[in-house]
Amino acid sequence: MDQNVLLTMLPQVLIDGLTLGFLYAVVALGYTMVYGILELINFAHGEIFMVGAFLGTEVLLIMQSFGILEGLNPFVAFLLAILVASLITGGMGVTIERIAYRPLRNSPRLIALISAIGVSFFLQDLVRFTEGLVRNAFYLSGPQLFKGIIPLSSSIFIPTKTLLIIISAIVMMVSLHLFVSRTKWGIAMRAVAQDQQTASLMSINVNKVIALTFFIGSSLGGATGVLYAQQYGTVDPYIGFILGLKAFTAAVLGGIGNLKGAMWGGVLLGLIESLGTAYMGPLTGNAFGAEYKDVFAFTILIIVLLFKPEGLFGEAVKEKV
Amino acid sequence: MDKIKAQFLKASVQYTFVGLYLFIASLWLKLSQESILAFLMMLTSILVIYSANQLSSKVRIGIGIFVLFILLPFIAGDNRYYMEVSTQVGIYVAMALGLNIVVGFAGLLDLGYVAFFAAGAYSYGIFATAQANNFLDFYQFPLEGGWFWPFLVVGLLVAAVFGILLGLPVLKVKGDYLAIVTLGFGEIVRIIFNNLDKPVNITNGPQGLTPIAQPNLFGIVINTPFHYYFVVLFSIALIILINRRLEDSRLGRAWVAIREDELAAQAMGIPLVKTKLLAFATGASFAGIVGVIFAAKQTYIDPTSFTLMESIGILVMVVLGGSGSVPGVILGAAIVTILQVQLLKEFSFFLNDLRLAGIINLPSQLDPSKFQRFVFGILLVIMALYRPNGLIPAKRKKIDIEELKKLEMDAPTTGILMKLQNKKGGK
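In the order they appear, the protein sequences are chains A and B. Each step along the first sequence adds one to the number in my numbering, with nothing skipped, and position 175 is 265. Each step along the second sequence adds one to the number in my numbering, with nothing skipped, and position 192 is 632.
Hints are supplied without guarantee of correctness; some may be wrong.
What the hints assert, rightly or not - Looking from chain A toward chain B, a few residues come up when the C-beta cut is under 8 Å (computed): (1) Ile204; (2) Leu216; (3) Val264; (4) Leu391; (5) Leu396.
If you're looking for bench data, these hints aren't it; they were derived computationally from the structure. Positions of the beta carbon are idealized from the N, C-alpha and C atoms, including for glycine.
Please build the complete structure, drawing on both the sequences and the hints.
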């Protein structure tokens, strides 16, 4: 392939990378919040994202089957799907914390991690089971709400849904930032992240704050699932695991426990992955190609942990959560 | 109740019980070759022998060896299916014992353990098929079956090198991060094996390698589950022996020290880097041996046998049984494998029969044999919550202080103490 073709591909590759990056970033927020407060890798977070994707798609499918989807403004349907998915996944997050993590808060971290892996596997098959029972299939394709395309120039197009995803992701991140830095509950969260015992002495209900953290993180994850379903069309019960790992990588890349870091880490990882996937084949004469895309994230993870374990933003911002 | 308990603590009662149990199990299995329950009872006899705590350990080991090497193959040897299940149980027991060194002894959570298994399997698979001709031209591959035995060592070495490779970056990270990094490593290895069919075809990619040459021993071709049962049994015996020896060695104690408190261990002069690397290499080398056996047994390997699911499965075995405890890990591996290869499948057949008879109407997607993750997930959470130390927790050696004091009195004082004493005496 000559260089001109590679160059004309670039804008599209960058847009794809940004979309992916914002998805990673919002999921990474969930990891970072839980890690900031409990120092626990919430392995099940990727599965919560997956459940969100299924719930959102189900909401749209149900509305479609009742014939209300056609009459509805796509934005309203979209918001409705996000709302339902994020409320339920938020509740799920709280339940998981109550059942599988809270009793283990004082036991070795290894045990808590094993419990988290257990929850994650359980959820994968649970979704497969219910979908198999209800729809007779494991994967689900929902209606696409936004089919428009915005032309930027004669050769570059941005699909409306992509733009919408980027905007929604930014809205979610900004409101979370405002919540954490401006509200009483946000301050309580930061206090608990700093020191649970001292926070509890300052009449902060630590359990409540942790539950709230799980609720917010999980509902963001679930909402991102709906965005994912809109972007990629089909969802299956196993999308969460690998995406969760990459989002975790993003969180580590940006500096885990740090909200801004999660965002930049996500965007960066999305861009790297997208560029790598698109250009690795042509640049190596098709010896190595897109099939190695999952290797990027893991390699980045290992390199970051080796050379800068505190992440890109680990030191710049002191506050946790 | 206490009386019954006291009765069970008598050695003679336990002897009778074990004997009776073995007799009933063998008779039942002999008479009804199809009965799963009889087979399970036979396998459980090992647990019964283990828990007969009034018998001396030599007697128990003797009876155990008798059951596994003579009784079981004698009774169930004709039944391919049972031998196959026993072999699979054995393979997982061996792997779980390897992971036990990394997770149980050294406390390093490894979620990519199956990568070493894959390394072993591929190192034999590539040379025991025509695959190696693609990049080596000094010999006409495949190798003949006799090479299987040296390749057990090759598999061990290759896997140990992989273990050290994984260990190197991992030395800087701890705890949860380590888990994620090893997971990433496992996935990278799988993806590479899955795609290394170009530019040079080394692993034949997703198509996998087949037919892998069957090993032979003194002219006998090893190709039935019956044969592999013994190959696996001998390797497990070896692995258990090494495990037991390691447990009480200087190295084993260093691992436990690192698991309990890295900082304190370092302060006591334990070289962290060397000790951790040795843990990874030892654990990996067991998986390498088992990988070679697995490749020969299946005569076919492809990357789908080496997924994250397998790594998690082996971790479940270790945690379920009791990480750090050799008998516990054996029990855990047996339970999980039987659950996986036998009970879930049996349950599937049962539901299938019901469906065919029209009693229940379940879609075929709900086949219980596909619900490994569901079962593993629940098992992991329940274990973490209620039995974090496993079914047979690792025992701590207790030191009798009085005994120790007595020893000190009798033992001649040596070294610097002696010099001090002499000085005192001199004055």
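Quick rundown of the hints versus the structure:
1. Ile204: Given a least distance of 5 Å, the restraint on isoleucine 204 of chain A holds.
2. Leu216: Interface hint status for leucine 216 of chain A: holds (7 Å vs cutoff 8 Å).
3. Val264: violated, 28 Å
4. Leu391: With a closest approach of 5 Å, the leucine 391 of chain A hint holds.
5. Leu396: holds, 5 Å
When the structure is compared with the earlier hints, a violation turns up for hint 3 alone.
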